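S.K.: Given next are the chains, with one letter for each unit.
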Amino acid sequence: MTRPSAPVPKTATEPQSSASASASASASASASASATPLLEVRDIRKTYHLPRGQTLKAVDGVSLSVMPGEVLGLVGESGSGKSTLGRCLLRLTDVSSGQIVFEGQDITHLGERAMRPLRQRMQMVFQDSYASLNPRRRIGDLLAEPLRVHPGPDGRKRSHAAITARLHELMELVSLPLSALERYAHEFSGGQRQRINIARALALSPRLIVADEPVSALDVSVQAQIVNLFTDLQTRLGLTYVFVAHDLAVVRQISTRVAVMYLGVVVELGETDAVLHHPAHPYTAALTAAVPRPEVGAPRAAPLGGDIPSPIARPAGCRFHTRCPAAQERCKVEDPALRPVSQGHFVACHFPLTDD
Amino acid sequence: MPAEAPPAPAAPLLVVRDLCVRVPSRGRMIPLVDRVSFTLGEQDILGLVGESGSGKSVTAMALMGLIDSPGVQITGSALFRGQELVGLPQKQLRRLRGREIAMIFQDPMTAFTPVYTIGWQIDEQIRAHERLSRKQARNRTVDLLAAMGVPDPAQTANRYPHQLSGGLRQRAMIAMALSCNPALLIADEPTTALDVTVQAQILELIRSLRSTYGSSVLLITHDMGVVAETCDTTLVLYSGRVAETGPTDALFAHPGHPYTAALLASIPPLEGPRPERLPAIAGAPPAPLERPEGCAFAPRCSYVHAPCLHAPPPPLVPTGRYASAPRRAEADTQAVPLPAPDNTPRPGNLSHGSPAVQARSEPASLRAAQFAACVLPAEGTPLPPRLKDTAPGPGTPDAIGHAPPPRPPSPSSTIGEPHL
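Note that the protein sequences, when read in sequence, are chains A and B.
With the working numbering, letter number 317 in the first sequence gets 317, and the count goes up by one each step, no holes.
With the working numbering, letter number 195 in the second sequence gets 195, and the count goes up by one each step, no holes.
Just so you know, the hints here were simulated from the structure itself, not pulled from any lab data.
On a predicted model such as this, the values are computed, not experimentally measured, just so you know.
It is possible that part of the hints are untrue.
As the list claims (entries may be wrong) - Simulated coverage check for chain B against chain A, where a stretch passes if three residues somewhere in it have a Cβ under 8 Å from a Cβ of chain A: (1) 128-134; (2) 165-171; (3) 193-199; (4) 217-227; (5) 247-253; (6) 260-272.
What the hints assert, rightly or not - Distance ranges between label pairs, derived from CB positions: (7) A:LEU178 x B:THR75: 42 to 48 Å; (8) A:ARG137 x B:LEU132: 57 to 63 Å; (9) A:ARG137 x B:GLY272: 41 to 47 Å; (10) B:LEU88 x A:HIS186: 45 to 51 Å; (11) A:ARG137 x B:SER211: 53 to 59 Å; (12) A:GLN328 x B:ALA11: 50 to 56 Å; (13) B:TYR160 x A:ARG330: 35 to 41 Å; (14) A:PHE351 x B:PRO384: 43 to 49 Å; (15) A:GLY53 x B:GLU130: 45 to 51 Å; (16) A:GLN120 x B:PRO384: 57 to 63 Å; (17) A:ASP335 x B:GLU130: 35 to 41 Å; (18) A:GLU182 x B:ALA11: 55 to 61 Å; (19) B:GLY27 x A:ARG52: 57 to 63 Å.
Stated by the list, open to error - Short, incomplete list of chain B residues facing chain A, as computed with Cβ under 10 Å: (20) GLU51; (21) SER52; (22) GLY149; (23) ILE202; (24) PRO275; (25) ALA284.
The beta carbon of each residue, even a glycine, is placed where N, CA and C say it ideally should be.
The whole structure should be built from the sequences, with the hints applied where relevant.
M.R.: So this is what it looks like as structure tokens:
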């Protein structure tokens, strides 16, 4: 039996200081909001071919950019393609067409070997905190693996002491006791397991984290803790998030900008409160109205009828016209393109809503 | 008979008293549900809220007689129209289940059999309880599906569960539950697996059931928003015990238990200013084996002090805006400065005989209907009302000056969870 973490080594402070220095450097870089996006996707599509010649267009032409230091919230109902898009951004799923540019480099067709050094700078946190952790390995072992696989900042293999020091630093970042490193995944509650997943994503000091529904499996009282942890880590380490979630209130809490997806496309994109409080797309309006407020007697709009159509047989014209309360003839034939309604606020609708 | 008009609100539909469900573990009996009591009136909607492990589903399963693990001990009383459900033989329970009490589950995919059409499954339930021909049963099935808002009900009845969307499956599930016109519908997280737009449709459907079918609903959920929109009365469970109970409007306006207050405060707001950080509750609910001696919420509570830790957990005491009823007896109802006007019926609230509604039209002094299992109200230092517009929720210790010594203001939300 080999135990990955020995007693606390004396050298623990040194790599810690260098790590925090690099963290603050990237934080200041994000503060000066450079004009070059950290991640940019242009017209990406992901098509799955099904039996009997059917095709499922999970992502059907999405273009967006993620600026360093911002949090982009991806919202939409199940089947809207938000998770597929999240996976495509990190090339965990290969796109069918389009272009993905990370830190100025086109990574769309990079091979696995060429991708590997880049993987250090982009990480993912998944919804199911239990399924993401190998139940037969200790947490310390799980967290050490990326540190063993990837070389250190000096290009050489990390030493055992450096790895241990980094593990301790990670536990401190996610507020777990050091004893957690010796335990197994099943010994933790859901919130703690999600902390471990976040720690693993942070292990290699990434710049970008794609979090796919990271809090939706958690209880309300624990959910707030993890949302706060995401916020704290972002300010502390200057991280950039793509935050995929269906809970609008959580997305609002954490996001700088929000992209609303419906059947594989972005139908509205803009600053969080501009989109959620002054929605221009009828779908966004219906989505925000449908969220039950924890207030008795809160005004209630008539719910949107029907279900999200199957992505296999998506409606012609505007994808939303089958459920849209304001659909007109034009919507049934012409697919609206994403266009600006105001500074930084885009909508894909022929008849966008206005405030008055 | 459920079809007849309820004669008077005098006899509530379901009276649960001191319901306990204990399971054997390591030579001890561990209570999963610990002395839960509530009353559900005719055509009432009662919300059972709590986090996972709080015992809300176990309570429902116990009422339905669906718990039969070896060694489980169910005690207490649950009177359904005067009939004791606890300890009722399976044979008699089978006559009640489906006909008088029906249940819908979170995941309609696993609740239906995948190998039969949904129409077949609904027909079967109707024919199990009533002497009807196949054709009559199918006609009722199609009518029910239509009433639940299923498009093209005759065709849909011939479909298999996997051919339907989640929202349609849940509608079919509700149609099946209502097929014998039950007096009580137990809905266990009926909308948790659904998208918000579909959730809104299903909640509207559930709200309409009492006027169209005269059903009472026991709604189990973890979502405070769903409760606020749907339920007349709310029961908050924490770690197997009732933390607080009361009329939904009173409970949301003036939570009496710190857990209720903190839970409400930790929900990120969709409107208004965005807080820098959410007022989260530190730690996680205790596992039944590790439940503390006194108040189960004490290790996570901002108001914890010595009496909270003593052995018998605090009993339910009157709380909320009507807690100090004697002093306010002479005061007029209008003097109570609260946003919710008392005599305004809530939209969709058509039941006149329900105790909850009746309670609302009585004078304030008679309405000490809100109870919290907390020492604060008894000590004369209840929580401040939860007001919509004050930015930091009432869960924050600095919100009141006269509170017992609050816990040191730890960076609560980032601290490790205690029972590690």
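S.K.: Take the hints in turn and mark each one as holding or not.
M.R.: How the hints compare with the structure:
no.	hint	verdict
1	128-134	violated (count 0)
2	165-171	holds (count 4)
3	193-199	holds (count 5)
4	217-227	holds (count 6)
5	247-253	holds (count 4)
6	260-272	holds (count 9)
7	A:LEU178 x B:THR75: 42 to 48 Å	44 Å, holds
8	A:ARG137 x B:LEU132: 57 to 63 Å	58 Å, holds
9	A:ARG137 x B:GLY272: 41 to 47 Å	45 Å, holds
10	B:LEU88 x A:HIS186: 45 to 51 Å	37 Å, violated
11	A:ARG137 x B:SER211: 53 to 59 Å	56 Å, holds
12	A:GLN328 x B:ALA11: 50 to 56 Å	55 Å, holds
13	B:TYR160 x A:ARG330: 35 to 41 Å	38 Å, holds
14	A:PHE351 x B:PRO384: 43 to 49 Å	46 Å, holds
15	A:GLY53 x B:GLU130: 45 to 51 Å	47 Å, holds
16	A:GLN120 x B:PRO384: 57 to 63 Å	49 Å, violated
17	A:ASP335 x B:GLU130: 35 to 41 Å	51 Å, violated
18	A:GLU182 x B:ALA11: 55 to 61 Å	59 Å, holds
19	B:GLY27 x A:ARG52: 57 to 63 Å	59 Å, holds
20	GLU51	4 Å, holds
21	SER52	6 Å, holds
22	GLY149	9 Å, holds
23	ILE202	9 Å, holds
24	PRO275	8 Å, holds
25	ALA284	4 Å, holds
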